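Chains as they are written, first to last, in the working numbering: chain A, 1 to 300; chain B, 301 to 812.
Simulated from the structure, these hints should not be mistaken for lab results.
Treat each hint with caution, since some may be false.
[As the list claims (entries may be wrong)] Covered stretches of chain A, as calculated for chain B (at least 3 residues, CB under 8 Å):
(1) 61-69
(2) 123-137
(3) 142-153
(4) 178-187
Being a predicted model, the structure only gives us computed values, none of them experimental.
The beta-carbon is built from N, C-alpha and C at its ideal position, and this holds for glycine as well.
Read off the chains here:
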Amino acid sequence: MLFVLLRLLPGDPANALLSVGADAVQIEKAREQVGSNLPLWQQFLRFAGSLARFDLGTSFVSGKPVIEEIAARLTVTVPLALMGFVLAILIAVPLGILSAVKADRWYGGLISTVSQLGIAIPVFWVGILLVTVFAVTFRLFPSGGFPRRGWQNEGQALYALALPVMTIGLVMGASLLRYVRSATQDVLGSDYLRTARALGASFPEALIRHGIRNGAVPIVSILGIELATTLLGAVVVERVFALPGLGSMLLLAIEQRDYPNVQGVLFISTLLVLMIGFTADLTQRLIDPRLRERAVGGNA
Amino acid sequence: MTGTIIGFGKISGQGLRVGALGAATLALALSSSTAAFADDAKFDPNASITIGSLYEPQNLDNTAGAGQGINEAFNGNVYEALFTLTDAGDVQPGLVAEQSVSDDGLTYTFKLRPGVTFHSGDPLTAADVKYSIERVTSEQSKSSRKKSLATIGAIETPDDQTVVVKLSARSISLPYNLSYVWIVNDAAKDLNASEDGTGPYRLDEWRRGSSLALTRNDKYWGTAPTNGEVVFQYFTDATALNNALLTGAVDIITSVQSPDSIAQFKDNPDFTVTAGQSTTKELLAFNDRVAPFDNVKVRKAIARAIDDKKLLTSIWGEYGTLIGSFVPPTDPWYVDLTAVDAYDVESAKALLKEAGFADGFSFKLDTPNYDPHPIVAQFIQSELAKVNIKVEINVITANEWYTKVYKAHDFQATLQEHVNHRDIVFYGNPDFYWGYNNPGVVDLIKASEAAANTDEQTAKLKEANTIIAEDAASNWLYLYPQIVVSSSAVAGYPVNGLNSQFFAFGIKKSEQ
Numbered sequence: 001m002l003f004v005l006l007r008l009l010p011g012d013p014a015n016a017l018l019s020v021g022a023d024a025v026q027i028e029k030a031r032e033q034v035g036s037n038l039p040l041w042q043q044f045l046r047f048a049g050s051l052a053r054f055d056l057g058t059s060f061v062s063g064k065p066v067i068e069e070i071a072a073r074l075t076v077t078v079p080l081a082l083m084g085f086v087l088a089i090l091i092a093v094p095l096g097i098l099s100a101v102k103a104d105r106w107y108g109g110l111i112s113t114v115s116q117l118g119i120a121i122p123v124f125w126v127g128i129l130l131v132t133v134f135a136v137t138f139r140l141f142p143s144g145g146f147p148r149r150g151w152q153n154e155g156q157a158l159y160a161l162a163l164p165v166m167t168i169g170l171v172m173g174a175s176l177l178r179y180v181r182s183a184t185q186d187v188l189g190s191d192y193l194r195t196a197r198a199l200g201a202s203f204p205e206a207l208i209r210h211g212i213r214n215g216a217v218p219i220v221s222i223l224g225i226e227l228a229t230t231l232l233g234a235v236v237v238e239r240v241f242a243l244p245g246l247g248s249m250l251l252l253a254i255e256q257r258d259y260p261n262v263q264g265v266l267f268i269s270t271l272l273v274l275m276i277g278f279t280a281d282l283t284q285r286l287i288d289p290r291l292r293e294r295a296v297g298g299n300a
Numbered sequence: 301m302t303g304t305i306i307g308f309g310k311i312s313g314q315g316l317r318v319g320a321l322g323a324a325t326l327a328l329a330l331s332s333s334t335a336a337f338a339d340d341a342k343f344d345p346n347a348s349i350t351i352g353s354l355y356e357p358q359n360l361d362n363t364a365g366a367g368q369g370i371n372e373a374f375n376g377n378v379y380e381a382l383f384t385l386t387d388a389g390d391v392q393p394g395l396v397a398e399q400s401v402s403d404d405g406l407t408y409t410f411k412l413r414p415g416v417t418f419h420s421g422d423p424l425t426a427a428d429v430k431y432s433i434e435r436v437t438s439e440q441s442k443s444s445r446k447k448s449l450a451t452i453g454a455i456e457t458p459d460d461q462t463v464v465v466k467l468s469a470r471s472i473s474l475p476y477n478l479s480y481v482w483i484v485n486d487a488a489k490d491l492n493a494s495e496d497g498t499g500p501y502r503l504d505e506w507r508r509g510s511s512l513a514l515t516r517n518d519k520y521w522g523t524a525p526t527n528g529e530v531v532f533q534y535f536t537d538a539t540a541l542n543n544a545l546l547t548g549a550v551d552i553i554t555s556v557q558s559p560d561s562i563a564q565f566k567d568n569p570d571f572t573v574t575a576g577q578s579t580t581k582e583l584l585a586f587n588d589r590v591a592p593f594d595n596v597k598v599r600k601a602i603a604r605a606i607d608d609k610k611l612l613t614s615i616w617g618e619y620g621t622l623i624g625s626f627v628p629p630t631d632p633w634y635v636d637l638t639a640v641d642a643y644d645v646e647s648a649k650a651l652l653k654e655a656g657f658a659d660g661f662s663f664k665l666d667t668p669n670y671d672p673h674p675i676v677a678q679f680i681q682s683e684l685a686k687v688n689i690k691v692e693i694n695v696i697t698a699n700e701w702y703t704k705v706y707k708a709h710d711f712q713a714t715l716q717e718h719v720n721h722r723d724i725v726f727y728g729n730p731d732f733y734w735g736y737n738n739p740g741v742v743d744l745i746k747a748s749e750a751a752a753n754t755d756e757q758t759a760k761l762k763e764a765n766t767i768i769a770e771d772a773a774s775n776w777l778y779l780y781p782q783i784v785v786s787s788s789a790v791a792g793y794p795v796n797g798l799n800s801q802f803f804a805f806g807i808k809k810s811e812q
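Same shape as in the complex, but just chain A (with noise of 0.2 Å):
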């Protein structure tokens, strides 16, 4: 399908690779290289053929295997969407909390307002400000850039990524924020949160006990689908902080019609939001027994 939706696209890959010179046959050679001179059909049955092997081919651009690069990509995006996703959960969980507890007071009411405007601000819009802010002005973080070395020097890789995880862990707490906030307001308005006070449970209590596991359920897969969302959508941030990322990676490859990178990259985010999507159903299922003995039981 994606394969399909890719080679509709004009232009020839070949021409990515040659320069305004070229003649006939240095595309023809080109276009050889790169496979694009065969019929669809038998460009997709090679595809699907090292796809079964599990190899994603060679970059029509670099001539590099593509997985080599996916790899070296990874090491910046799967820190960045995990570190912006705690950063995130740590933001929105006790503020979404508070602020349903405590609708009726000032800071409740502010929590909210601060939290819609950080939904309506755009993701580079929030990078950019933070780069004026704490890279140009203050000199506190860098502005963007990834270490040489990479990981090799963890502190500093973890420097590098500061101002970029900040990003994500605003712009995503302020959307988590209001499901967090609603959870709880539905936990709050519910039946067995009364029947808990009204067995002698303190208000504390009560929501510690019965409201957290309860509201958590809804609120997981809230998170499973943003981790993902953080995945895919780093590009953005990426861009902004000018990380070699995996959002780089695909968006440069478009612009190259470097279709194994695309693909590559393609196929690999597949797998990692499945997996997300696993872990946030396994989550929900250790979190609330009722799911599990829906599932053992099949009707209940």
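Knowing the structure of chain A, use the given hints to seat chain B on it.
Chain B alone, transformed into the frame defined by chain A:
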């Protein structure tokens, strides 16, 4: 960014940028080709210089479609050629110690510099040179320069230090053309991902998507670099690159593409802005084969109806230069032709009337979708409306441009930036995309290449240049500036970026 992949020369690695300092200081610029410190400044001989660039190479081989970025990083730094194109635009001997040319101009004998070794330790021999030239002219080569070496018939290697090149026709530009043929070790494997050159730096590490690091070659045959290490840091976003310079993450930006960003560096003592002309020309190219552009009067009328100066100012502010033809001031055959078909709306109207278009006409302008073309198209649209010519702007991608305009010649008029140095020869090729066909010019350009000496070559090309301008073969809107911005702690870098080269060996960083 899409545009930089296929845009003229940028796809091809033949991006030639010859600049001098800004128009106001042109005379000064020609006398000094590098930015320099005050003489007494102390520099760190082992400094690491970080160079910020938007042009990451696709691979490491300039005959395999690596793009202009590889010339920037490797020309003169990692690989050397038989001849060197200096930043000032002269062709000087590189790995050649002595050369002699036969009287008929068809046999060139080169004696190689003795004692030169590759980074792998192998000595440089004539066989390596033969191999290197044939790599560029071979069938597999994707080099944009292949055509210009087509006159090379045979290469002989009578001994290890002597190379004899036999030509099928005189080629006065041979030394110039050889300046972009990297001399590589004929035993080297996988030049896509590694290197084996003779230059002052060896490749340390290439992290695709991020950076390319060169480290000093301590066994270099020539003058040792004035720094210990050079790291090219690649960006896809110009703002991110500017921020990196502002925060000290990079020392130099090789080529600033957005005029707006210059302001933040210009009046700041922490930075040095060096501005000049490039060889990048913004063109309104007509399809001279089709009506109404097969009519000289129509082409001249359009040239007169567009206020180039206003256009240049609105895009580049005080930077950039007006040109009256395809030849920039840094080509040896430059003639000031800005007075030919200068801005004059009334005479444009008169010419259109003579040509039978008193009521105007309309045409489709194929406009590449990246800067500055869309803005230029709108400007042209509003200018030509004044002489009753309706412009329909058709935005296309760089890849479409290549297929539709360049290959299929299926267009009426288009916008394009031409980055090449010494590229007036395109007007001598009637099959080129713009289809300009003047037998006089074709002959002059052919004769110029067969000239016995450079004076004769220059005279012929000057004549061709003047005819092209009089014919308004295309409409040459302006010449881009070439702007390098650096931290004031570094100096000694090339300001002209000729042939996209960026010689790093003379860069000095002050001790801090």
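Against the structure, the hints:
no., hint, verdict
1, 61-69, "holds (count 5)"
2, 123-137, "holds (count 4)"
3, 142-153, "holds (count 7)"
4, 178-187, "violated (count 0)"
Hint 4 from the earlier list is the only one contradicted by this structure; the remaining hints agree with it.
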